Amino acid sequence: MEATLGSFGLIEILMTVEKCSSDCLQCLNPDICLVCSPPLYSYNYKCISDCMGLYQLNQSGYLSCVLCNNFAYLVCPDGFYNDPSTSTLACQACPSQCLTCSNSTTCFSCQSVNSIQYYYLSSNNTCVSSCPDFYFPRSSVCLNCLAPCKKCLNETTCLSCLLGYWNGSECVNQCPAATYSDESTHACLACSPLCLTCYWTSTYCTSCSLPLILF
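In the working numbering, the protein residues as written are 1 to 215.
Among the clues, some could well be false.
Per label pair, the in silico range of CB-to-CB distance [claimed, not checked]:
no., residue 1, residue 2, range
1, 162, 103, 48 to 56 Å
2, 163, 190, 35 to 43 Å
3, 204, 124, 38 to 46 Å
4, 189, 92, 47 to 55 Å
5, 105, 38, 36 to 44 Å
6, 141, 105, 17 to 25 Å
7, 190, 113, 39 to 47 Å
8, 203, 108, 45 to 53 Å
9, 147, 50, 44 to 52 Å
Under the rule of at most 20 Å between Cα atoms (straight-line distance), these lysine to aspartate or glutamate pairs were calculated in the DMTMM-like manner [to be verified]:
no., residue 1, residue 2
10, 46, 31
11, 46, 23
12, 150, 133
13, 19, 31
14, 150, 182
To be clear, the hints were calculated from the coordinates, so they are not data collected in a lab. None of the values given here were measured: they were computed from a predicted structure. From the three backbone atoms N, C-alpha and C, an ideal C-beta is built for every residue, glycine too.
With the sequences and hints as input, model every part of the structure.
This is the structure:
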C-alpha cells in the first residue's frame, strides 16, 4: 500500500492486490491461506488433502485440522501402539507376539514369532503359544470349549471333562462296561480284553470275559 498526491490535490491510496493460490478461497497473501477449496483442509495456513494421524477433521464453518481431543494422537501401523502419555509423539512397539495392541500388555490379535504360532486369549487380552484348559485354537484365536469340556479339539469334540468322564462321544457321570474311569485324564479308558469290567486300571478286573472266571 502506498499514498500519492492526485491531480486534484487528493491523496490517492494505491493497493497492490495479490491473488490467493489456486487451492485457497481466502488468504492474507499467497503463503497464508485462511479457507481452503474443498475437499482440502487448512493446516498451519496451508492446504492439505489429509489431516494425518496427529489431527482430526474439524467441520465447524470450514474444513480444518485440529488436535484430536486436545492431545496428540498417532495412527500407528500393525505391531505398534499410540502412547499419549509420552511427549515424543512416537508409536511404541507391541510385544513381539502381538499383531495389534493398545499398550505394552494388552493385545487384540496375535501373530507367529520364529515359526511359533501365538493365539489370542480374550480372557486376559494376551497372546499364548498354546490354549489353556477350556479353550481350543483356531485361526490364531483361542475359542471356548462347550461345557462341560475341560479340554477339547473343537466345538463338538471333548478330550476330557470338567465334570464326569469323556467316553469318546460325550461327558458321562459313569463309564460304560468294558471301560474304567481314569482320574488323571477324566476319560473312560478301555479295560483289558480279558476283563468284562475293570476298576482303576485296565488290568484290575472286577469281572471277566467268558469263559474266564475271576480268581
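Could you tell me which of the hints above the structure violates, numbers in ascending order? 1, 2
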